[in-house]
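Trainee: So the sequences go chain by chain: A and Y. For the first sequence, position 114 (counting from the first letter as 1) is numbered 114 according to the working numbering, and the numbering increases by one without interruption. For the second sequence, position 423 (counting from the first letter as 1) is numbered 423 according to the working numbering, and the numbering increases by one without interruption.
Since the hints were made in silico from the structure, they are not lab data. Incorrect hints may appear among the rest.
[Said to hold, decoys possible] Estimated spans, in silico, between C-beta atoms of each pair:
(1) A/130 <-> Y/38: 35 to 45 Å
(2) Y/316 <-> A/13: 50 to 60 Å
(3) Y/45 <-> A/81: 31 to 41 Å
[Unchecked claim] Derived, one-sided and incomplete: chain A residues facing chain Y with beta-carbon distance under 7 Å:
(4) 57
(5) 112
(6) 116
Note that the structure is a prediction, hence the values are computed from the model and not measured. Even for Gly, the Cβ is constructed at its ideal location relative to N, Cα and C.
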Amino acid sequence: MLSANPRSTVSLGGRPLHAMLVPIPIVCFVATLITDIVYWQTAAMLWADMSAWLLLVGLIVSLFAAPAGIIDLFGDPRIRKLRAAWIHGIGNVTALILSIFNCLIHTRDAYTSVVPSGLILSALVVVILLVTGWNGWALVYRHGVGVRQTEQQ
Amino acid sequence: MKLARFKAATIAVLLALVGCGPAPIDPSRQVGPNPYLPPIHQYLLPPMHVAKVVGWNGATPSVPAGLKVQAFAIGLANPRSLYVLPNGDVLVVETGVPPGPVSRPKELVMNWVEKRAHSRTKPGQRILLFRDTDGDGVPDQETVFIDHLNSPFGVVLVGNDLYVANTDAVIRYPYTAGQTRITDPGVKLCDLPGGPIDHHWTKSLTASPDGSELYAGVGSNSNITENGIQAEAGRASIWQIDRATGAHREYATGLRNPNGLQFEPQTHTLWAVINERDELGPDLVPDYLTSVRDGAFYDWPYSYYGQHIDPRVQPQRPDLVAKAIAPDYALSSHVAPLGLVFYSGINLPAHYRGGAFVGEHGSWDRAVLNGYKVVYIPFVDGRPSGPPEDVVTGFLVDGDKARGRPVGLAVDGKGGLLIADDTGNSVWRVSSASP
Numbered sequence: 001m002l003s004a005n006p007r008s009t010v011s012l013g014g015r016p017l018h019a020m021l022v023p024i025p026i027v028c029f030v031a032t033l034i035t036d037i038v039y040w041q042t043a044a045m046l047w048a049d050m051s052a053w054l055l056l057v058g059l060i061v062s063l064f065a066a067p068a069g070i071i072d073l074f075g076d077p078r079i080r081k082l083r084a085a086w087i088h089g090i091g092n093v094t095a096l097i098l099s100i101f102n103c104l105i106h107t108r109d110a111y112t113s114v115v116p117s118g119l120i121l122s123a124l125v126v127v128i129l130l131v132t133g134w135n136g137w138a139l140v141y142r143h144g145v146g147v148r149q150t151e152q153q
Numbered sequence: 001m002k003l004a005r006f007k008a009a010t011i012a013v014l015l016a017l018v019g020c021g022p023a024p025i026d027p028s029r030q031v032g033p034n035p036y037l038p039p040i041h042q043y044l045l046p047p048m049h050v051a052k053v054v055g056w057n058g059a060t061p062s063v064p065a066g067l068k069v070q071a072f073a074i075g076l077a078n079p080r081s082l083y084v085l086p087n088g089d090v091l092v093v094e095t096g097v098p099p100g101p102v103s104r105p106k107e108l109v110m111n112w113v114e115k116r117a118h119s120r121t122k123p124g125q126r127i128l129l130f131r132d133t134d135g136d137g138v139p140d141q142e143t144v145f146i147d148h149l150n151s152p153f154g155v156v157l158v159g160n161d162l163y164v165a166n167t168d169a170v171i172r173y174p175y176t177a178g179q180t181r182i183t184d185p186g187v188k189l190c191d192l193p194g195g196p197i198d199h200h201w202t203k204s205l206t207a208s209p210d211g212s213e214l215y216a217g218v219g220s221n222s223n224i225t226e227n228g229i230q231a232e233a234g235r236a237s238i239w240q241i242d243r244a245t246g247a248h249r250e251y252a253t254g255l256r257n258p259n260g261l262q263f264e265p266q267t268h269t270l271w272a273v274i275n276e277r278d279e280l281g282p283d284l285v286p287d288y289l290t291s292v293r294d295g296a297f298y299d300w301p302y303s304y305y306g307q308h309i310d311p312r313v314q315p316q317r318p319d320l321v322a323k324a325i326a327p328d329y330a331l332s333s334h335v336a337p338l339g340l341v342f343y344s345g346i347n348l349p350a351h352y353r354g355g356a357f358v359g360e361h362g363s364w365d366r367a368v369l370n371g372y373k374v375v376y377i378p379f380v381d382g383r384p385s386g387p388p389e390d391v392v393t394g395f396l397v398d399g400d401k402a403r404g405r406p407v408g409l410a411v412d413g414k415g416g417l418l419i420a421d422d423t424g425n426s427v428w429r430v431s432s433a434s435p
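Start from the sequences and build out the full structure, keeping to the hints where you can.
Mentor: Listed below in structure tokens is the structure:
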């Protein structure tokens, strides 16, 4: 029996894995922008160190979140037909690639590990995440991707 | 065909992005009083390139005609510095990096790379004494002279007081001529900046010619202030320590990692070799040999080679940059000089008398390895008078494998040049080929 909603291929007990994991890199990358801004304003190394850890954790969790999302995209033709799914997917992959470069820039020592290149990349990633997040919410809350049919339906 | 070209172009673009950086220049352009300084290149990924350690396996370093080289001691545990006592006994300091905190992910990678670049032997924390009783130049007696030290490096004897610079303090021990073991716990003369962060941990030590003062090299606590400027108190500095009271003052500052403190025998001027900063490109910043002026501020961290601003340091200090003085003699970039000795012996051919030998531990962040040798710099009237020449080589084999890496140097009682090789776990002795 095919459910009326697009299905998530990678799920645990009916809960899509991508939705479980993706908040972690999002929070990490947004927090990186905050700690980068604080470092830019204070030049206190603690904040730059924090950015480096946040980027690393965000990237590591992305290694699992991204494949789960990509498999979901290709796992159900109904998802592939959604414009929001492509904006969400391509945008997030772009944010991920930029964050890999950002992580490398943050391995530099002291001020130029953040200002200006690191800070610019961190801000760019957050702007992209706003767009991809908006579209991601549309996938779930408007198109019901990965949402099981309820009894009433 | 087209695809292959596309692939090659893609790889080239990726390499450029990942920041292998500009091709290294010929190091001969960066030696002497006026080194060529290329523009800064900040990497996306530092080109960590350390020589794989393969060991000597019976081979020996190479020396030019007229010299010979022998193994003075082998099978040691990370020998890094040497000191010759007045009776000819040779002290070999076995030592290693103290443990430190990890403050960001990069350090996990760096620690792993550094481990690969060094010998797998667990470093000793002690000083060994070697004695040559039959006069053939190589020792036939070995004892543990002082044990259970804390990352020791510098040693100097003044009268009957033997001083050892641990990474966190200068300790004084009573010594009588001929003694082969010290069991006295020693007395602390003066604290030195140690942990918890102890980035440049080797504390070089020497005494003024009249014996009244000690001089200790205290390296910076970071590459370029990435551990915060507050971690740099008393560091990147040469301390003058009053031998009677243990009181100290900073004799010269702005010296990123000073080692090989030595008084030039003719002019009685203090000299040192300095390890300069990393990650500004394969040819920045040249390491150097310099006389050390009382009260001088050299450059670290705000600028390099005089007034060349380092953009990584924030906030900047234009007042200190204005005072910064350029050093005397560049050794080229990333050679990592850790040993210095003025040769006033008479065993080596006349060509090597009066100048300085420098032990270059070798580069870790340069695509083409640099250093990994001992060079000789001629001096006239107490100043360098010509380009450095390679004297002891062969530490590298096949271009990028290391048999060993030279560190501290000393001249023994018979005028032979001794070289501590921490990666090869050996001490080498260079002497005249003709008896």
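Trainee: Check each numbered hint against the structure and report the violated ones by number, ascending.
Mentor: 4, 6
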